[in-house]
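Enquirer: Sequence:
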Amino acid sequence: MARIKLTKEFKEAITQLPDREKDKLLFRLVAKDAALVERLEYELLEGAETQEERRNDVARNIDETLEDYETYFYSPGYLLLELRALSAEITRHIKATKDKYGEVYLNFILLNRALERFGKRIASFSTQKARTLNDYVVKRALKIEKLIEKLHEDYRLDFADDWKQLTALIRSIPTMKRTADWFNLEL
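This note's numbering puts the first residue of the sequence shown at 1107, with every later residue one more than the last.
It is possible that part of the hints are untrue.
Dumping the calculated BS3-like pairs for lysine-lysine here, alpha-carbon to alpha-carbon at most 25 Å [claimed, not checked]: (1) Lys1201 x Lys1252; (2) Lys1117 x Lys1138; (3) Lys1283 x Lys1249; (4) Lys1256 x Lys1201; (5) Lys1226 x Lys1206; (6) Lys1206 x Lys1111; (7) Lys1138 x Lys1204; (8) Lys1245 x Lys1226; (9) Lys1235 x Lys1245; (10) Lys1226 x Lys1270; (11) Lys1283 x Lys1204; (12) Lys1245 x Lys1201; (13) Lys1128 x Lys1138; (14) Lys1226 x Lys1249; (15) Lys1249 x Lys1206; (16) Lys1256 x Lys1235; (17) Lys1128 x Lys1111; (18) Lys1206 x Lys1235; (19) Lys1226 x Lys1204; (20) Lys1111 x Lys1130; (21) Lys1204 x Lys1235; (22) Lys1138 x Lys1111; (23) Lys1283 x Lys1252; (24) Lys1130 x Lys1117.
Because the hints were derived from the structure by calculation, they are not lab data.
Model the full assembly from the supplied sequences, consistent with the hints where possible.
Expert: Encoded structure:
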């Protein structure tokens, strides 16, 4: 949706509207943006005390989805579709809560659990079949690395073991390791 630049006169005219009319317009506009509704519900109704609970709900959903998918695993391409859908759920959580710690935590859960469950199967596919999944995982690992750098150093220590686990899992899949080397991911 393209943003429209509002003129100074138009902004002034809106501020002159009666409160009741502004409220009606605001409700109509907010209802059109699901992400905004979720963020406002979190900020106005729940508050920061539910952030950890929401984070744990997303982590639980990741685990359940990957567990359910284990019996339906077909190929790296289909696993990639599942990972992208779960990644979108993480993004929704981040947009609603602004949870920087949770962003790193949930991405580690996503990648580590997926590679734990499916690593051996991924390794059995050719480089060509696993290429897009390998690219996705390595790029996501690079993103996690950048996110960790932005965190306070105390939080960085919280993720040291997760990072070691992720890099070990990437190294255990030869085609993914080659991709990581190509992208200069420190393993």
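Enquirer: If a hint holds in the structure, say so; if it doesn't, say that too.
Expert: Verification of the hints:
The hinted pair formed by Lys1201 and Lys1252 meets the criterion: a straight-line CA distance of about 18 Å does not exceed 25 Å. For the given pair, Lys1117 sits about 21 Å from Lys1138 by alpha-carbon distance, which is consistent with the 25 Å threshold. Distance restraint check for Lys1283 and Lys1249: the Cα-Cα separation of roughly 17 Å lies within the 25 Å cut-off, and the hinted pair is therefore satisfied. The straight-line distance between the Cα atoms of Lys1256 and Lys1201 is roughly 17 Å, inside the 25 Å bound, and the hint therefore holds.
Annotation: proposed proximity of Lys1226 to Lys1206 is violated, straight-line Cα distance about 31 Å (limit 25 Å). Distance restraint check for Lys1206 and Lys1111: the Cα-Cα separation of roughly 30 Å exceeds the 25 Å cut-off, and the hinted pair is therefore not satisfied. Of the supplied pair hints, the one linking Lys1138 and Lys1204 holds, its CA atoms being roughly 21 Å apart against a limit of 25 Å. Distance check on the hinted pair: Lys1245 and Lys1226 sit about 20 Å apart at the alpha-carbon level, within 25 Å; holds.
The straight-line distance between the Cα atoms of Lys1235 and Lys1245 is roughly 17 Å, inside the 25 Å bound, and the hint therefore holds. For the suggested pair Lys1226 and Lys1270, the alpha carbons sit about 18 Å apart, so the restraint of at most 25 Å is met. Between Lys1283 and Lys1204 the alpha-carbon distance is near 32 Å, which puts this suggested pair outside the 25 Å criterion. About 20 Å separates the Cα atoms of Lys1245 and Lys1201, which keeps this hinted pair within 25 Å; it holds.
The suggested pairing of Lys1128 with Lys1138 holds, with an alpha-carbon distance near 16 Å, which does not exceed 25 Å. Restraint check: the Cα-Cα separation between Lys1226 and Lys1249 comes to about 24 Å, which is no more than 25 Å; the hinted pair holds. About 13 Å separates the Cα atoms of Lys1249 and Lys1206, which keeps this hinted pair within 25 Å; it holds. Straight-line distance between C-alpha atoms of Lys1256 and Lys1235 comes to about 34 Å, which puts the hinted pair past the 25 Å bound.
Proximity of Lys1128 to Lys1111 is assessed by CA-CA distance (about 19 Å); at most 25 Å being required, the pair is judged to hold. Between Lys1206 and Lys1235 the CA atoms are separated by roughly 33 Å; this puts the pair beyond 25 Å, and the hint is violated. At most 25 Å may separate the alpha-carbon atoms for a hinted pair to count; Lys1226 and Lys1204 exceed this at roughly 35 Å. With a C-alpha separation of about 22 Å, the suggested pairing of Lys1111 with Lys1130 holds against the 25 Å cut-off.
Simply put, Lys1204 and Lys1235 have alpha-carbon atoms about 36 Å apart, too far for the 25 Å limit, and the pair is violated. Between Lys1138 and Lys1111, the direct Cα distance comes to roughly 19 Å. Compliance with the 25 Å bound is thereby established for this hinted pair. Among the hinted pairs, Lys1283 with Lys1252 is consistent with the structure: their alpha-carbon atoms are about 19 Å apart, no more than 25 Å. Under the criterion of a C-alpha separation no larger than 25 Å, the hint pairing Lys1130 with Lys1117 is consistent with the structure, at around 17 Å.
Going down the numbered hints, you'll see the structure goes against 5, 6, 11, 16, 18, 19, 21, while the others check out.
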